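*Asks:* For reference, the chains in residue letters:
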Amino acid sequence: MKGYHLDHLQHLETEAMHIMREVAGEFERPALLFSGGKDSICLLRLAEKAFRPSDIPLPFLNVETGHEFPELIEFRDRRAKQLGAKLIVRTVDQALANGTATQAPGEVSRNKLQIPVLLGAIEEFRFDCAIGGARRDEEKARAKERFFSFRDSFGQWDPKNQRPEIWNLYNGRLNAGENMRVFPLSNWTEMDVWEYIKREHLEVPKIYFSHTRECFRRGGQWLPLPPPQADATKPDPYAGARPKPNEPVKTMVCRVRTIADMISTGMIESPADTVDDIIAEVAAARVTERGSRADDKASEAAMEDRKKAGYF
Amino acid sequence: MPTAAPHFPPSSSRAPVPVVDILRLNTCGSVDDGKSTLIGRLLYDSKSLMEDQIEALERSADITGGGQINLANLTDGLRAEREQGITIDVAYRYFATPRRKFIIADTPGHVQYTRNMVTGASTANLAIVLVDARAGVIEQSRRHTAIASLLRIPHLVVAVNKMDLVDWSEARFNEIREQFEEFLPRLDIKDVKFIPLSALNGDNVVEPSPHTPWYVGPTLLGHLETVHIASDWNLSAFRLPVQWVNRPNNPTDPRLHDFRGFSGQIAGGIVRTGQKVMALPGGVISSVKEIHTFDGPVAEAFCPQSVSLVLEHDVDVSRGSMLVGVDALPGGGTELSAKICWMHARPLQRGKKYFLKHTSSTVQAIVTEIESRLDMATLEAQPNPAELTINDLGEIRLRTAKPLFYDGYATNRLTGSFILIEQGTNATVGAGMLLPPGEVVRPEHTDYAI
Chain A
1 MKGYHLDHLQ HLETEAMHIM REVAGEFERP ALLFSGGKDS ICLLRLAEKA
51 FRPSDIPLPF LNVETGHEFP ELIEFRDRRA KQLGAKLIVR TVDQALANGT
101 ATQAPGEVSR NKLQIPVLLG AIEEFRFDCA IGGARRDEEK ARAKERFFSF
151 RDSFGQWDPK NQRPEIWNLY NGRLNAGENM RVFPLSNWTE MDVWEYIKRE
201 HLEVPKIYFS HTRECFRRGG QWLPLPPPQA DATKPDPYAG ARPKPNEPVK
251 TMVCRVRTIA DMISTGMIES PADTVDDIIA EVAAARVTER GSRADDKASE
301 AAMEDRKKAG YF
Chain B
1001 MPTAAPHFPP SSSRAPVPVV DILRLNTCGS VDDGKSTLIG RLLYDSKSLM
1051 EDQIEALERS ADITGGGQIN LANLTDGLRA EREQGITIDV AYRYFATPRR
1101 KFIIADTPGH VQYTRNMVTG ASTANLAIVL VDARAGVIEQ SRRHTAIASL
1151 LRIPHLVVAV NKMDLVDWSE ARFNEIREQF EEFLPRLDIK DVKFIPLSAL
1201 NGDNVVEPSP HTPWYVGPTL LGHLETVHIA SDWNLSAFRL PVQWVNRPNN
1251 PTDPRLHDFR GFSGQIAGGI VRTGQKVMAL PGGVISSVKE IHTFDGPVAE
1301 AFCPQSVSLV LEHDVDVSRG SMLVGVDALP GGGTELSAKI CWMHARPLQR
1351 GKKYFLKHTS STVQAIVTEI ESRLDMATLE AQPNPAELTI NDLGEIRLRT
1401 AKPLFYDGYA TNRLTGSFIL IEQGTNATVG AGMLLPPGEV VRPEHTDYAI
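Residue numbers (this note's numbering), protein chains in the order written: chain A, 1 to 312; chain B, 1001 to 1450.
Only chain B is shown next, with the shape it has when bound in the complex (with noise of 0.2 Å):
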């Protein structure tokens, strides 16, 4: 039985490779934006389609476009989205130009559909918002907006199309602007970039427009490929969720006999062999013996790497578990508060039983208040709604039935977020964003120790 990995050079020994890194960004706009134009322009432009999608694009624009290519018909890839003309679910489309590799989320702009946007936004460097030169800020694209900032997107492109439809006029796109303008200093989004573009004909999507000799900024293409993203990942508290305990059944190698790790991804920080830490929720400090990988141990791994610790001391640890650093400890108790957006037809009620997942770990929640409601026109939160529907974000309070260990999702997206699940149809019904906890976590046996 091949227990034991087979040997391969270490990583230092091959040839370097160029990094390239990934930039995931999100497109968000109302029906009629030209959010699918707008990527389909992105990839056409940038020589990213090939022949045969360019040849089944004209296929069906002879038989349902009246001869015009119509570039939607890119992303949309179910028969009920080409027949309404519409984006019913985050469809991700793929590019790479020499600078950068692009994961795009088209998600959809209708109101039923929020859901989707935030699905498409939780793993997003960068959103772009769609305005509609003619019809200007929209109160679609105030939720985006909201939405955007809500999920901690680092980076916001306000994408102001259809400019050939209002004459290229500057005055009207510094109109949009000003009215973004007016809402953005309530939200939480530090870089803002607008650009005046048509998707349609392709002016500052890849190309610069002959038609905005007062427009100084750089393309769309060129901005994501230029667009600075720190690290979007939390290097300062080590958190180690636990997956999977890897404990090799009879193994051949004697030495794998004891062989304990605990594999998880790193959700926050960096670790080093020698390094104290603390499982929770026993409370048990000990120190890493070993950082397990595939490719042979290593000294030190950071998030958002995948590994397995291996620790001094026989400590009790399981799926579920969290690994952190003794010197930033998180937040952890059973009485929670967090923004939430609701993603489901039943709404959400206060008294009722979820599931609660949280990094590897899931727990039953109620949800005790329901605390207030954004109001999308103002942006305002609304105090003690009676529910909150589909599609409305808002700021609950929820009691577990075991702790949970936690950090603010401000600080760390990964230890921060969770997700509500109905019992019974085991529907994902909300995502959740946790507030800072108000202390950290006592562990309940700080005298285990060792």
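Just chain A, with the same shape it has in the complex (with noise of 0.2 Å):
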């Protein structure tokens, strides 16, 4: 008999293909979570995979933060284009000019402001399901998730009550107003992620790979050099996330492990410029992807408690 068999890759896509599809099944108006990075990269192939040559059938759906690197909102655009799919936007901005966000006093990063934002717009388009590239390897909160992670009317987890899941039925049954966040690549690693990126050809925005860049120290991190203020007459979208004179700034040869945005993503100082730099890279590292995000690193419970208030 020959090899009816799968190897590792094969396997994390055909479960993911089957959760996706799942979605499509169960859901009235599911959405899919995507913002430029490999880890939703990802998830649009695996959505090829299960809906071609079928329009893939959910809008896409990204949270802007205001901060983001150009290089990721012009690949994010490009992509959706490229891919014929509805792309809604909804950003901190707007929430803040409309008050539905407000930021804590001295806070810098506006990581935490997209969890209103993010709800709203599940509130806005009555979006029963959210599709994310969340991994379970990122994080030890993010280790106790479901595939099928079931959120209150006030999009919280609570992680003591979450439905078990076993083999592979998924229960996506709602009442009126709650809602579920699905993580076809919860089975995923950072190697996995690149692995595949490698086999389907998938591009990638460049800031992935080996560039120049002005960065300042703060923190224990390299942080990028955010952009010059357009216009000195308004406050500045920056403020507070520019280098203060006690903190060095630096020209490097780096690049981005993992992106959130450029207030809290830190840059690593490496030459890959191939994705086979970057898999020898990621096979050698010694520190967790998770380890250049700031955002992670303000407490033992940083993502479980941002979880629990509904970040995805």
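If you're looking for bench data, these hints aren't it; they were derived computationally from the structure. All figures in this text were calculated on a predicted structure; none of them were measured in a lab. C-beta atoms are modelled at their ideal positions from N, C-alpha and C, and glycine is treated no differently. A portion of the hints provided could be inaccurate.
Using 20 Å as the maximum straight-line C-alpha spacing, the simulated EDC-like pairs for lysine to aspartate or glutamate come out as follows [claimed, not checked]:
no., chain 1, residue 1, chain 2, residue 2
1, A, 198, B, 1021
2, A, 49, B, 1295
3, A, 198, A, 276
4, A, 160, B, 1422
5, B, 1047, A, 281
6, A, 49, B, 1300
7, A, 198, B, 1295
8, A, 198, A, 289
9, A, 250, B, 1422
10, A, 49, B, 1422
11, A, 81, B, 1253
Distance ranges between label pairs, derived from CB positions [unchecked claim]:
no., chain 1, residue 1, chain 2, residue 2, range
12, A, 153, B, 1399, 32 to 42 Å
13, B, 1442, A, 3, 28 to 38 Å
14, B, 1387, A, 287, 45 to 55 Å
15, B, 1098, A, 123, 42 to 52 Å
16, A, 123, B, 1193, 36 to 46 Å
Reassemble the complex: the two chains are provided individually, in unrelated frames, and hints are given to aid placement.
*Replies:* Here it is as structure tokens:
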């Protein structure tokens, strides 16, 4: 008998396709969270695998903090267009302007402010399900996440009261106002993502590859220097995120390993300029991917607290 | 509108990638048996931990642990868990050696959290049951082993932990092995391995221990890397539960005007173009015109691949339908017998209606009989219990509003399993494993066969 077996990437792929199709079959108004980052790039390919030759039956949704890398936005828009998908963008700026979000005094990062914007978009479009690219190997609170993660009418995650998930039978039933977050990449590791990008010849934004950039040192990390202030008569959107006199600035050969926005993404020094180089780098890495995320270093339970409040 | 799939070279023309397979394992034990410590040790000694994770461990050791690194903090990701020193929910961990990738489901041992063990065990190839060498076999050891057996996990490892606390006594190790061997014959596990170890100190986890010269077997990791996981998947009888009907809207490519693909993950067997298949529940027989994938059509596909089938004839098929091979039809009917694990605080009641989700199909079901409840102390079935309460395992009879097309769980884990969902709350309350069907499906309309 010939070998009827799948390698690990094919296993992960068929598992994720099955989940995508369950979403299409069980929900009325699902959306897919697409940031332009490497994990959501894999999600898009999996959606193509699950649904072509039909159109991908869910719109893409992205929440902008206003501090995005321009390369990421350009890539996001172009990729959505290539795939013929509807892209919905909601911004923290809008939410601050209309008062649905309020910044904590002295806080620079807008990471937490994505929560009300995301919940607002879910309400606005009456989405009953949002597919995200989160992986369990990223962070230990995420390690407890289900494929189908139930959220109450406030968008909250209750880790002590999760639905048991048995075999490949996902319970997507909801009452009015409740919704589901679905994570098809739950079982993928950072290495799997890069190996899949390589196998599928997927394009990723240029900032994943080595380039020259001015960075400054803060909190043990090299943060990218924000763009110069465009209009001096308006408040600086990067106030607090510019180097202070005691924070050294350096021109580096670097890349991103994981992308949040410019304020919370640490750059890593790296000469890796091909996917193969990145795979070699990930294989040899001695710190986790999230080690370069300022938003996770806030406390031991930083991710858990954000997820309980409705973060994806 | 880009409706047609972009073209990529067929996979055969790409550089060959070495096949690394995945072993899914599940660890279970009672509260202080040291499961999380064992997983921490596996990760630590196989160099799967990163510097920032070790740094975080050391930081929490200084604050809460009096300087002692607590490997359990690696998996106990929730604040309440770290505070109480227990594991609340299933945590998944990933690591790889050059030989294999591993997915570990770390499942809690408290009596009240058996549902999480069922969750973690349902997809596992191998279960590790931890036993405290001092305590020996306790009710929970039997419970966890019984669940592993019920869920048909093919391989079991009994990790006799804390051997350092019984002076590495071979006699104690053999005593525990005998306690297990007393009840194992009543279960359905064929492959059992006993390993003496100390998770805290790392003996026989990754490195062989100098304290157990009397033990000649492999270390735990050595065993995990080499245990033969013959395909868990059923390749004998073709089953495709239809998840989604793939019909392009206004395709620009004229060849797609009549495209109608039935999309799903193959739950059993192999399918080839030209092969005859029956569409259930209708019973109409057609043949496979095309096996569509994003990477191009293929001549055959097998479990657990995800594909879309195009049939020769226009057949009434929608989500919840099942395409099956005509040479090996499944069972079919509305009267079902099943083993069940109850997972909710509200007991299972005779006469109550639930939603039953089986493959891609959800139907209403009513529990007509509670035949028996498994006594964990004796592993014997007690007939006619009044109800099944949380964490109970038992056997029930059900009637469904529409016929189910299924195989016995022992034959096919995917077409032989179901969940029960409580109406109103939508809570997942039960995990069911169907007993072999009494008779194969009798299609309603065999005269319609094309």
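*Asks:* Now tell me, hint by hint, if it's right for this structure.
*Replies:* Hints versus structure:
For the suggested pair residue 198 of chain A and residue 1021 of chain B, the alpha carbons sit about 18 Å apart, so the restraint of at most 20 Å is met. Distance hint between residue 49 of chain A and residue 1295 of chain B is fulfilled; the C-alpha atoms sit about 8 Å from each other, no more than 20 Å. Taking the CA atoms of residue 198 of chain A and residue 276 of chain A, the gap is near 8 Å; set against the 20 Å cutoff, the hint holds. Our distance criterion of 20 Å between C-alpha atoms is met by residue 160 of chain A and residue 1422 of chain B, whose separation comes to about 18 Å.
Annotation: proposed proximity of residue 1047 of chain B to residue 281 of chain A holds, straight-line Cα distance about 16 Å (limit 20 Å). For the hint pairing residue 49 of chain A with residue 1300 of chain B, the CA-to-CA distance comes to about 17 Å; that is within 20 Å, so the pair holds. The hinted pair formed by residue 198 of chain A and residue 1295 of chain B meets the criterion: a straight-line CA distance of about 15 Å does not exceed 20 Å. Distance restraint check for residue 198 of chain A and residue 289 of chain A: the Cα-Cα separation of roughly 18 Å lies within the 20 Å cut-off, and the hinted pair is therefore satisfied.
Restraint check for residue 250 of chain A and residue 1422 of chain B: not satisfied, since their Cα atoms lie roughly 59 Å apart, outside the 20 Å limit. For the given pair, residue 49 of chain A sits about 33 Å from residue 1422 of chain B by alpha-carbon distance, which is inconsistent with the 20 Å threshold. Distance hint between residue 81 of chain A and residue 1253 of chain B is fulfilled; the C-alpha atoms sit about 19 Å from each other, no more than 20 Å. The hint said 32 to 42 Å for the Cβ distance between residue 153 of chain A and residue 1399 of chain B, and at roughly 34 Å that hint holds.
With their beta carbons about 36 Å apart, residue 1442 of chain B and residue 3 of chain A fall inside the hinted range of 28 to 38 Å. At about 52 Å, the CB distance of residue 1387 of chain B to residue 287 of chain A agrees with the hint of 45 to 55 Å. Separation of residue 1098 of chain B from residue 123 of chain A is about 48 Å and conforms to the stated range, judged on CB atoms against 42 to 52 Å. In this structure the supplied range 36 to 46 Å is violated for residue 123 of chain A paired with residue 1193 of chain B, their Cβ-Cβ distance being about 53 Å.
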